[in-house]
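So that you can map any letter, position 246 of the sequence shown is 300 in the numbering used here, and since no number is skipped, the others follow by simple counting.
Incorrect hints may have been included.
List time: in silico EDC-like cross-link candidates among lysine to aspartate or glutamate, alpha-carbon distance up to 16 Å [to be verified]:
no., residue 1, residue 2
1, K293, E227
2, K179, D158
3, K143, E205
4, K143, E227
Note that these hints are calculated values from the structure, not bench results.
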Amino acid sequence: MTEAIASASPLGKTVSYTTEYDASLLFPIPRQGKRDEIGIGAALPFMGLDIWNAYEVSWLNPRGKPQIALVTFQIPADSANIVESKSFKLYLNSFNQTKVDDIDRLANILRTDISAAVGASVQVKISAPAQFDSLRLGELKGFCIDNLDIEVSDYSPQPQLLHCDESDGTTSETLTSNLLKSNCLVTGQPDWASVQIQYVGKPINRESLLRYLISFRNHNEFHEQCVERIFVDIMRTCKPMKLAVYARYTRRGGLDINPFRSNFNADFPSNLRGARQ
């Protein structure tokens, strides 16, 4: 169902760019279709958000002079919809020849339109060029499992690869990997990400976790859906008491998407841009 809806979007199609403001360009996709597929009902097993960073935002001031900024959107995980990323890009580009009074007015327009599209209140932060020097890079914190010497043969999601070290007691740890790759649900284009997994429970066997994450390599699914699948698979297989999954995807079309899902009151993650982003 999600694939059919997505195929009706601008993704993978030749389109002409609109340079005058047009909120109708936004293409919402219901979250529930994919959630049904992986067994997530109306009562979500997590809280969280999707952090979108837009690097190519421009508009005209009242005198016709171009302005630029970086914009961050925080979309709640319990919103009814996601927005298809190409439609998001087309929407942002529709401001290119649009006069806007000031940054506050732009933020209000963006907040209103994206909130209406996803069906929830969205937070918008605009960073003007004078603030660019204060923006920092930062990698995901935790123990990186990528140097484990493993043999890999599965390149579609295999939750059965996951297992815990049953002989050990409860542990609390944060593991990271830069080897997560999936593909766009519609176009098949590669999506590259780093992922952080924070949990409390029986120790997850690190080799099994790395094999599992690599098994997404040929999988076609949107960023948000991949992170929710990872969350659900770990919960079902390893049954941690606490779990948080955070992925930082590299940008495409001037946008990066960074989903976070957690079942405990962890602080929402920082929005530090990774070196690959």
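**Request:** Could you grab the alpha-carbon distance between K293 and E227 and see if it respects the 16 Å cut-off?
**Result:** Measuring from Cα to Cα gives roughly 15 Å; hence the hint holds.
Distance restraint between K143 and E227, which requires alpha-carbon spacing of 16 Å or less
Distance ~37 Å between K143 and E227 Cα, so the pair is violated.
- Message: Check the hint pairing K143 with E205 against an upper bound of 16 Å on the C-alpha distance.
- Response: violated (39 Å)
request  = Mind checking the alpha carbons of K179 and D158 for me, to see if they're no more than 16 Å apart?
outcome  = holds (10 Å)
The structure is inconsistent with the numbered hints 3 and 4, although it conforms to all the rest.
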